[in-house]
Structures are given as C-alpha cells and as structure tokens.
Amino acid sequence: MGILIKNGVVYDPAQGIYGEKMDISIDGDKIVEDVSSPERVIDAEGRLVVPGGVELHSHIAGGKVNAGRIMRPEDGRKGRAPRGRLTRACSGFSILNTFSTGYTYARMGYTTTFEAAMPPLLARHTHEEFEDMPITDKGALVLLDNNWMTMEYVKAGDLDRLAAYVSWMFGATKAYGIKIVNPGGVEAWGWGKNCSINDPVPHFDVTPKEIIRALAKVNEELKLPHSIHIHCNDLGHPGNFETTLETYEAVKDITASSDRQVMHATHTQFHAYGGSSWKDFESKADAIADYVNKNDHITIDLGAVMFCDTTTMTADGPMEYSLHTLSRRKWSNHDVELETGSGIIPVAYSPKVPVNAIQWAVGIELALLIEDPWKVVLTTDHPNGCPFTFYPEIIALLMSKPKREEMLKGVSDAVGRRALIATIDRELTWGEIITMTRSAPAKILGLSESKGTLRVGADADVAIYDIMPESFDPAKGYREIEEKLMRTFYTVKGGEVVVKDGEIVATPPGRTYWVNPVGERAHAMREEMLKDLEAKFDAYYTVSMANYPVQDEYLSHPLEIRAG
Amino acid sequence: MAKITLTMRSSITVPLEAEVITPDGLAGKSEEEIKSLTVYHGNREMKLGDFFDVSVEGSGDPASTEIIMKGDLTRVKRIGEGMTAGSIVIEGSCDMHCGALMRGGKITVKGDADAWAGREMRGGELVIEGNAGNYLGAGYRGEMTGMRGGKITVEGDAGDYIGEHMAGGEILVKGNVGILPGLSMTGGRIIIEGSATMPGGEMTKGEIIVKGEVYDMLPGFRFEGEEEIEGKRFRKHTGDLAVRGVGKGVLLLG
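Residue numbers (UniProt numbering), protein chains in the order written: chain C, 1 to 564; chain G, 1 to 254.
Simulated from the structure, these hints should not be mistaken for lab results.
Computed from a predicted model, the values in this text were never measured in an experiment.
For every residue, glycine included, the Cβ atom is placed at its ideal position computed from N, Cα and C.
A couple of the hints might just be wrong.
Dumping the calculated DSSO-like pairs for lysine-lysine here, alpha-carbon to alpha-carbon at most 30 Å [to be verified]:
hint, chain 1, residue 1, chain 2, residue 2
1, G, Lys211, G, Lys110
2, G, Lys205, C, Lys352
3, G, Lys205, C, Lys330
4, C, Lys330, G, Lys151
5, C, Lys279, G, Lys205
What follows is a list of derived Cβ distance ranges for each label pair [as the list claims (entries may be wrong)]:
hint, chain 1, residue 1, chain 2, residue 2, range
6, G, Thr38, C, Ser556, 30 to 40 Å
7, G, Met1, C, Asp473, 50 to 60 Å
8, G, Val14, C, Glu20, 50 to 60 Å
9, G, Arg103, C, Asp473, 35 to 45 Å
So the derived list for chain G, only partly shown, Cβ under 8 Å to chain C, looks like this [said to hold, decoys possible]:
hint, residue
10, Tyr140
11, Arg141
12, Gly142
13, Glu143
With these hints in hand, go ahead and build the complete structure from the sequences.
Written as structure tokens, this is what we have:
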C-alpha cells in the first residue's frame, strides 16, 4: 500500500529542507517515515517536489462569485472545455465554474483553497459550491465586522457576549476564520457613505479601529487557529498606505494565542498607495514592507495585479461603486441584511494606464521588499487583481529580473517615476517561493501541522513540477517557469494521484474545514447573547433564527477543528 | 478556383453547430477530408459527412474557394463563423450565428438568417436576401462590443436589437426592424429603409438613419435641425443624452 516518490529534489521550508534529494513516502492520506511495499512508485528523476499549494485568500464560492458569473456571460466564453471522461464541463477566465476551479488549482499543484469572504446569510450557497468543487480541501472566512450584533457589542464594550456571538456564528455558518472587510464602511455604504479607520460608523457610534481591536481580542480569547483576516479601510484610494499602517499598529499590543500573527492583512497591494489623487498616485510598497519587516504581529498577502480583463468582487460595496464611477462598466451591488454587503464590477487592467501599471508594480514590489517570506503570501485576491491562473507568471517575475525588465518595456513610464520595481535587484529562490505559496499560508491559517509541509504525519498533498532545480536557472528560464508551474508532473491530494502530466486523473471530493470554538469563553455568555440575537431576528431578519444555521448535511466532508 | 458543394441530406430538429464550414476550414481539402470534419449535433460529436453530401471541384486557397450550401439548413448554426476570405452561398435559410466573427470574404443567404447573424463581425460582407432575426451585427451576451467592421445588407426585415453595441461597419436593412436598433452603439452606421421602434437607445457615437416611420422616439435625443442627404431631407437628432450626457450619436429621421 501507499506511494513512494523517489529521487525528488524536495523543498519543505517548514522542516528547513531546501533542495535536498530525498524520497517521500505516503501511506493512506498521510506522509509517513517509509512505506515498505508501495503500491505505486513515482520516480521524480530530480524534479521539484514540494507540498501541495495552500491558497489562503481567493473568491471561489458563494453568492457574489455566482452573481459575477451571471453578470458576466462573456467571461464564460473563455476557458471552455467539454466534459471529459472524468471531468465536468468547464468555463470561465476570471470567474471559473466550480469544476474548473477545482481542476485548475489541482493542475497547478494547489490542494487547499480558502474562500475569503462568506456573508453569514449566504453560507449555505458557499458550502453548496464547495460541494461542487472537486479535489481541494476548503474552508471559508466569515464576514463579521459590519454586522449589527458585532458593532453593538463593541459599542457596549461587551467582549464576553461578542465572543459568544462569534463562536455561535462559526457553528451556524461552518466558518474557519474571522474576515473583516472595510469595517464600518460597508454598513455606512447603506447610507451612501464610507468610513476611514477613525470615522464613526453612522448610527452605531463605533469606529472601524474599535471593531478591529475587539474582533482581534475575541479571536485570541477563543484561541482560533487563524488570526483576524482583514481587508483594510480605504481600499484603492490614493494615499491609503497611512490607513493601512494605522490598522497594523492598532493590534500591535494584542498577544496571539498561538505561534502566529495577530492580524493577517490581505491583498495589501490595494492598500499600499501614496499620492493624493489619481494624478500623483504612487507606490508606497516600501513603507508597508518596512513596517512588516520590523514587526512580527502582522502577515500579509499580495493581491497582485496582472494585466488582463478580470472581474472584481468584494464585500466592499462603496469601493466597487467608486470603480464604476471611473470606468462606467456594468456594476452590481448587494446588501446582506444586518451583516455585510458586496459589489461586483469588471475591470480591465491595462499596462498603458499609469494607475494600473503602478498597481502591477506594487504587488511585485511587496513580495520583493519584504525580507521574510514567512510574512508574505502569494495571492492575486482572485479574481480581483487577476485570476489565480497568473501565479506562474507572477512567480517568474519574482524569480527573474530579466522577466521584470522585459515586462517593464511594455508598461506606462509612470512606473519608472512613481514605483520602485525597476530599482529592485532581488530574485527570489525556490525556497522563498515555496514558503510564500505553501509553508507560510499554512502557518498563517494555523494549519501547519497538516498542510504546507511534507513532515511525517502531515496530509499527503504533494506537487511535483517538471523542473530540475539542480540544473535550472530561474532568472534565465522564466518562460519555462510560466509553462511548467501551470501543469504539474504529478499532484497528489490526500494520498491519491489526482493529476499526472498536467491532466486530471482522479476527482475525489475535498474536505471542508470549520472551526468549532468549544472553550469556556465561547459558551459563558451564550444564553444572554442568544436573547439579543433572537430579538434581532424577530425585528429585522427575513429568515427566522431556526432556519438560519447551516445544517450539518450541507457539509458532506466536514473536518471540524475544536478551538479553545 | 474551387467550388465546394455541401448538400444537407435531410431535415434535423436538434441544431447542428457547424463553425467548420468556412472557406478557411474547407479550402484545399478532399471530399473525404471534409466529410470527416467534426461538428456537434446537440452535445454529440459527429462528422460533417453524417449530415452532408460533399462535392469538390477544383482546388485553391480560401480566397478562391466558393462554398455552395443546399438543402434544409434551417437548423445549421454558425455557418461561416470567423471566415477571413472566399465566399459562401446558402441556398435557403439558415439558423443562428451565420457569419459571426467574420473578418473577410462574402456570405450570401438566399433565404432568412436567424438571430445573431454577423455578430461581432470585423470585416467582409454578409448579404441576407430574406429576413434577419434579432441581434443582427450585435455583441454577444455580456460583451461591450458588437460589429466593428464590414457590411451587412438585409433585403427584407430584421428583428430586435440589431447593431447592439455596434462599434464600426455598416448595416443596411431595406425593410422594417423591431425595437431598439443600435442599442448602446459606439460607432458605425445603421441604415433602415423601413420603420423602427426606439432607435439609438444609449448610443454614444455612430449614426442611425431611419427612412420610414419611427415609433416611441426616446426622450434622450436633442433635435438639431434639418439636414439634406442625397436630395432628401432628414430631421437630425443627437443623443442618447441619457448616457452621461455624451450625446455624440446621430439619429437622422426621414
């Protein structure tokens, strides 16, 4: 029984392994010390063998993703593939259908994918799409910041009931972590307004900073595996880097409940801008990187932009409206009762448009200027910066200065004046790339025991790429990186070969992680909190409280993590 | 010169997706090679020879290839899709998407063409001797750009939303059209010799000439005075001011 992967050049930063020729043994769905009589032997012949990729921030399932599909039939004309022997019909470039999402991630060597923004009321839809998404293990971050219950408890300073509410919501929505999106701003948008970090939220008299701090404290009190995961205020605004740094600084004094960050700040590219208008818009990636380099309570992901016609979708409704006023493209907006909102708009990032070209530069700069790869994760905020299918090209940009030089020839010259990319010589190594795509996201999510590593006992998720790291020069071979990282030589998920030579050969269902806070803190004030919540349901919600929680049947492959 | 004749053997009810039927796709191929080309009948993969008799006379490059189509083609879709040169003569009526994405050459439909004829066309000529359906020369679902170049002539009537999102080229309809011709148009020219309903909605550029009756004129157009074209007087309007007050579209009413 089991699989033996022989002669691989292994990178497993979690174990301090950087390019060692060694064998990997798999028994059942776990990595083991050795396997006596393997059912299958894969000879990697010097190829790159790494843990399966871990996606910690991507919009792949749920209400707004599907609204994007409905809104953009033209996107569905791209990426089409007919039904195959094992595979379902695929479509989509920026908003892939559920099947294509699973297959494409698996082909690229990714085996764990987290949906970054689940509105509680639309949790069922998210889990339904997870069920339909083959291969990868999944989890969802639940939006709890623009929530009326949260804001009222924050205003009252009642973190006891807030902890009870958060833990009840984790069970009701089968969530993995707390997501914060433009705290206060999305609620303010209901009144046609927005909030920066210190602006009081209309009618609630709390500030975004107070919401962030309260949720961060509760997150640590409940000992959740992941930290708070934040989309800062003022996304996309020129000069927003100051808000971003103030957000980071706001949780500096809070102690993490485990060996990880206190705050994960997502798609930081969109939050690292200087200038006062679109005319003097500039990169402040250096200021953000400098802060992250000096502080250990914060980790980020990139949200890198690449030039293409993509779809932006976020709970940040006001931000999407401001994009609509710029581009006049079709736009949709949604209000999720007492909880959150969302907006969708197609965006074409053009290398000739100075702002877009600087956005592109900022994403790459962040990855190059942050010294420790454990603090920065490769994402594109799929599909907001560009679809996740651009990862190979982004990795090529990070590993190859010649690739950057070639690309710089085709972009607006504003990049030379108002961004830093052309001045940076650093070329990332395989060890750093594997950290940023596997080990770091697994650690940040609190999954480092089972994901993002090939340590004995970890999940048997392995990617083998048709690249020979011992004889390959990434700086020169960037085209090969782009090609080879798109389709693995092998992908193994949970001990099963799912991709061979870039083709899907098995489509097992993935599992859905969810966190069940079971500690004293989660339950102490539950009865009192439920009375408050019942009143909210009676007065405002369109559904009754009894019909609200996601039934267990919605998760046919659940993986419960008990916290606290 | 090459003359390729495709004769549909019998009528079908499930539509046939036959985008392989272009001079580019058939030029230089033998009868057997043409018969073995893939078409989709519903969701089934089939061969062109399963539906058509094929005869090939002479040979040549796409530009010198003429395809003659005979038989009941009313359920054959996407004829001439993306063609760049040569010609197709459809001796009868055809189903949707005829001449879609066409870049060059000429298609003549002796009968009617169903919806989306000349959709997203870039160049070449499409002549429909009968009637055309909805979305003639339009963009496809969700797209922002329809026809960009080339010419479409319809001898009969055309349906609704013709030239939707049209950005260039010319559409001439000798009969009447339905509602909202030139919807969201950004360029090019539509000439309607018969009547039209609500022409030019949300147009920001381009020109629509309606020689016959106009029903339900939209309120976003400003009257600019009379203008004479080829000895005939037209009432000139600009609009549609409903779109950010741009109003660079021209609507000439006879």
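Verification of the supplied hints:
1. G:Lys211 to G:Lys110: Answer holds: Lys211 of chain G to Lys110 of chain G is near 25 Å, not above 30 Å.
2. G:Lys205 to C:Lys352: holds (24 Å)
3. G:Lys205 to C:Lys330: Answer holds: Lys205 of chain G to Lys330 of chain C is near 19 Å, not above 30 Å.
4. C:Lys330 to G:Lys151: OK: Lys330 of chain C and Lys151 of chain G at ~29 Å, within 30 Å.
5. C:Lys279 to G:Lys205: holds (28 Å)
6. G:Thr38 to C:Ser556: 30 to 40 Å: This hint holds: roughly 38 Å between Cβ atoms.
7. G:Met1 to C:Asp473: 50 to 60 Å: holds (55 Å)
8. G:Val14 to C:Glu20: 50 to 60 Å: Distance hint for Val14 of chain G, Glu20 of chain C holds at roughly 59 Å.
9. G:Arg103 to C:Asp473: 35 to 45 Å: holds (42 Å)
10. Tyr140: Holds, about 7 Å.
11. Arg141: The hint holds - Arg141 of chain G has a Cβ within 8 Å of chain C, the shortest such distance being about 4 Å.
12. Gly142: holds (4 Å)
13. Glu143: holds (5 Å)
Violated hints for the displayed structure: none, as all numbered hints are satisfied.
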